[in-house]
Amino acid sequence: MTEPQDVTTEAQDTAAEAAPTAAEAPAAPTAAEAQAAATAAEAPTTDDASPARADAHDYPETGAHDEPGDLQGVARQLLAEAKVDVVIGWEDGRRGARPVFITEADDADRLIFDTRCVHDLVSYLNPRRTQVAALGRVAVVVKGCDAKAVAGLLREGQVKRDEVVLIGVRCGGVLEVADLPEAVALTADNVSPRCFRCDNREPSLVDYLVGDPQDEPPRPPATVDERVAALDALPVEERWEFWAEQFSSCVRCYACRQVCPLCVCERCVADKSVPQWIETASHPRGNLSWNLTRALHLAGRCVECGECERVCPAGLPLTLLNRKLAQVLRERFAYVATDDPEVPAPVGDYRLDDAEEFIR
Amino acid sequence: MSATPETDAAPGAEILFLAEGELAGLVADLATAAVEVVGPAATEPASPAAAAADVLHGRPELEYRTLAPGVAPLLAPGMPRLSLKGFFLPQTEALFAWRQHGTEIEIERGEASARRRVALGVKPCDAAALEIVDHVMNWDFADQPWNERRVATTVFTLACPVEDGSCFCTAVGLAPDGTRGADGLFTPVEGGWLVEPSTEKGAAFVAEHAARFATASAALVDEGAEARRAANERVAGHLEIDAESVREWIAGHFDDPLLAGLGVRCHGCGTCASVCPTCHCFDIVDETDGVGKGTRRRSWDTCQTGKFTLHASGHNPRNDQNARFRQRLNHKFSIYPLRFGEVLCTGCGRCSRECHAGQDLVEMLAAIDVAARRPAAVGAETESGGPA
Amino acid sequence: MSTVAPQHEARPAPEARPAPTIYEPNLMTVIDLVDETVDTRTLQLEFKDEALRESFAFHAGQFGEYSAFGAGECTFCIASPPTRAGAIECTFKTVGKVSAALRELNVGDTMGFRGPYGNWFPVDDWGGKNVLFVAGGIGLAPVRCVIWNVLDRRDEFGDVTIVYGARSVDDLVYKRELEEWAGRADVNMVTTVDPGGETPDWDGRVGFVPTVLGEVAPSAKDTVAVVCGPPVMIKFSFPVLADLGFADDDVFTTLEMRMKCGVGKCGRCNIGPYYVCKDGPVFSATQLKTLPPEY
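Protein chains in written order, with the numbering used here: chain A, 1 to 360; chain B, 361 to 748; chain C, 749 to 1043.
Watch out, some of these pointers could steer you wrong.
[Said to hold, decoys possible] A few chain B residues that don't get close to chain C, going by computed Cβ distances all over 10 Å:
1) D503
2) P505
3) P521
4) G551
5) H569
6) A574
7) D602
8) D646
9) E723
[What the hints assert, rightly or not] Derived lysine-lysine pairs resembling DSS-like cross-links, with alpha carbons at most 25 Å apart:
10) C:K1026 / C:K1037
11) C:K841 / C:K1026
12) C:K1026 / C:K969
13) A:K272 / B:K667
14) C:K796 / B:K653
15) C:K983 / C:K969
16) A:K272 / B:K561
17) A:K83 / A:K160
18) A:K272 / C:K983
19) C:K845 / B:K653
20) C:K845 / C:K1037
21) B:K667 / C:K796
22) A:K272 / C:K845
23) C:K969 / B:K667
24) B:K667 / C:K845
If you're looking for bench data, these hints aren't it; they were derived computationally from the structure. Cβ atoms here follow ideal geometry from the backbone N, Cα and C, with glycine treated the same way.
Bound conformation, chain A alone (with noise of 0.2 Å):
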């Protein structure tokens, strides 16, 4: 039985392996050059200007020639083959990237990757979802954090690993906005505040791995660490004046719930009215009450995908609340959200060398 020093020595080594040293930021025309090659990449070709891989497959009837190691190509082949009936993916809608899904194989070109693809379509796993679960078996499409969302399912029960087909891709970064016309290269600037130090660019938890190596995501001029630090390093009356302040705009519109990936209780306590845990109208008490619930809710399971903060109309700067979280979680009980389902989840794992000295 180790003693609690020992956890939180392991605590850093792990923080230490989990946050590389920052290098540069690799400068901007490399991102886009890597980034335009992964797009190149995955378009399928008629015409086999390069030599073929042994594993690619040849559609007589349409002339399509893929190279399963691409996206469309292994969604192509998936439905083509009938291993699964929908394919979740991303797809060039009238005002930008959106999620997509994809039933029939012809329609497999469809899918797109790029610095628009932002969505955490893991949402769309929850079993409480009828209206995709009634579509049949599903493949869906995974950035790194989306596959600890998959992880995070899986540990719970509310997904069985030989149920789902899991496209992992390789990623370098997303922006914070899905609705633009055309990808565009990451810059400092743009890039969604998130992705910086991203531990999980090549996901594991995958049946398939597509796309190019992709190059670190630009650091932001303000990373998320830094400015949880800034409110951190203010007294604790202004640090509730800023969290009061922010939650009296939330409209209550649950949005951050509803496209969490790990939201997914069959009745949230926020709907339950006998009794009323929750106020349901939107002043301050109630918005208070039903921000902080949901980030505690959340301890331990949030993956950072950062989509409520992205959906959130009043703007609210939810990322903040989940890393704090995250960083108490990794310096108390050692845990980092991880896509390897095999490392338990702190809230529903209990190991007797689990600190508690702040337990009085």
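Let chain A serve as the given structure and place chains B and C on it in line with the hints.
Below, chains B and C alone, put in the same frame as chain A:
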């Protein structure tokens, strides 16, 4: 129903001009008269990263606000992220409070009639929504809080240059320079705005502040008319539907895959309803404030959530997101026009812009319109039609 | 960094509103309560406002929004008949937050009532006709109102037949009135319990309501039918009535749908082209069949 530039103004009224320099003075006059001013104001971009991605293509992020006395609204292109709805049906509103004394209950009524205010720089789609929602708010029972705020508010729209490809006001019988639901129109021109009241209330407003307005020159009037014509032409190219055919088709094709499969990517978050100028559904709850007293409030609600139709028995008539999303289209484009004669939509495009899952109303309406106009022989349904 | 102005109510003006809005309930005193079954209770309510006590009028089938202040409002039909002035009644099962709070009330306590809302059974059109009532469980509550309405005007109608059943003897509601109706020579009262729900001294029928209805086989000639009960009972009763020759236009039911405001604004009860709180809750079978299957 589209307003044309020639017929908007009250008949016989001359077209006025408000110089840019006079706006501050007008707002100062209103402050002196203790009239609240509501209008667009610039806000911080949602985040530096969103700003850098320049989603809004250089336009400021706007929101409608009750402005501090003397602060002028920003009368410039740009779409306020929320509609004007919250100023007539607040996101949360106290209906009354009560106190219990033994076995007796004492009801404490809310505030009396709303404060006088003027809304300037309103998008025509947002103003038209007020008149469209008036129908349901006065259908047999009159919703006093809504009506009182309508009476107390004078609304001037700002002719819109058409924001982006998600706008489709003309497809639903409205116009980017319309005055439905409003009392007059401002049209941006060189050096200021043309001002044309369209109701007595609007005319009274300009008369009250006559010193701020001049007569518009013929050149400016022409400039304004041309801008409005161009905007009308631009937005008409985004979407064209036959609303009556769409209504009939929806009523008769309840189980058609085109209508019954639209909710697959929808998260049921209700963002569309909260940004929509015409969505008005609400919930009523009692909230206690200690023992023996509390407030009954109503708050915005949406048919997109799972619990909207959940019975106490546990039975839910709309059990998945496909059914719930279908209801959204049903209510807006079939049921409301059947009962009240016009669709519950003003083509502002916010739902398509704000949906985080990429639901696109323009795309859906175009597809339904195609299906609706197909000859009856092709893909004819045997569904029971709408009620007689 | 918020882009949303919190759109709360405006700063309060000094004077309170002189007249009530449509959302403000009338205050009622609970003057009597009866436990119909272990989880179903009837409350008898009197308007505190004396003028309303005299003037309040409604039609059989209309409903109200009943307030338990602090818990909220609940939708129930007005269970007492319009022919009896003075007090109104509601009968409810304890299933949720508000009904549980209403159950906590004692005689002398105050609750709220808004109404009458909705449409009503077209009793005035039934002059000279026979009336058949088919009800199950607590579904007898809205029907009971019509039964008394008809019985209080007995001469205007032909034969009156009541087929009523519940899961068990204990689950029958309005037990004293069932006896009263059975004792009347001008009423054909048929009571039944589901198989397995009878007690040793039960002398009524045993069988599901639709089955018993088929056995009683009332004539459809010049007859209107009022049907209310659990969805499964209605579903199986309609074909029986059709087989007996009842036209859809002559069969009426009252629809339960989640309602909130009761005045056609909040959108909750909208189904197909109807708002149940305004176009209903009473619908003919003809109208019911045009509705999408969303209720």
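Here's how the hints hold up against the structure:
1. D503: Violated, because the least Cβ-Cβ distance between B:D503 and chain C comes to about 6 Å, which does not exceed 10 Å.
2. P505: 6 Å, violated
3. P521: 21 Å, holds
4. G551: B:G551 is indeed farther than 10 Å from all Cβ atoms of chain C, at 30 Å.
5. H569: 23 Å, holds
6. A574: Given that every Cβ of chain C is farther than 10 Å from that of B:A574, nearest at about 33 Å, it holds.
7. D602: Label holds. Min Cβ-Cβ 19 Å, cutoff 10 Å.
8. D646: Non-interface label fails for B:D646: nearest chain C Cβ at 5 Å, not farther than 10 Å.
9. E723: Correct as stated: the minimum Cβ-Cβ distance to chain C is 24 Å, above 10 Å.
10. C:K1026 / C:K1037: With a Cα-Cα distance of about 18 Å, the restraint between C:K1026 and C:K1037 holds, given a limit of 25 Å.
11. C:K841 / C:K1026: 24 Å, holds
12. C:K1026 / C:K969: 31 Å, violated
13. A:K272 / B:K667: 10 Å, holds
14. C:K796 / B:K653: 20 Å, holds
15. C:K983 / C:K969: 22 Å, holds
16. A:K272 / B:K561: 47 Å, violated
17. A:K83 / A:K160: 16 Å, holds
18. A:K272 / C:K983: 31 Å, violated
19. C:K845 / B:K653: 17 Å, holds
20. C:K845 / C:K1037: Not OK: C:K845 and C:K1037 at ~32 Å, beyond 25 Å, violated.
21. B:K667 / C:K796: Given that 25 Å is the threshold and the Cα spacing comes to 35 Å, the pair is violated.
22. A:K272 / C:K845: 10 Å, holds
23. C:K969 / B:K667: 44 Å, violated
24. B:K667 / C:K845: 15 Å, holds
Checked against the numbered hints given earlier, this structure breaks hints 1, 2, 8, 12, 16, 18, 20, 21, 23; the rest are met.
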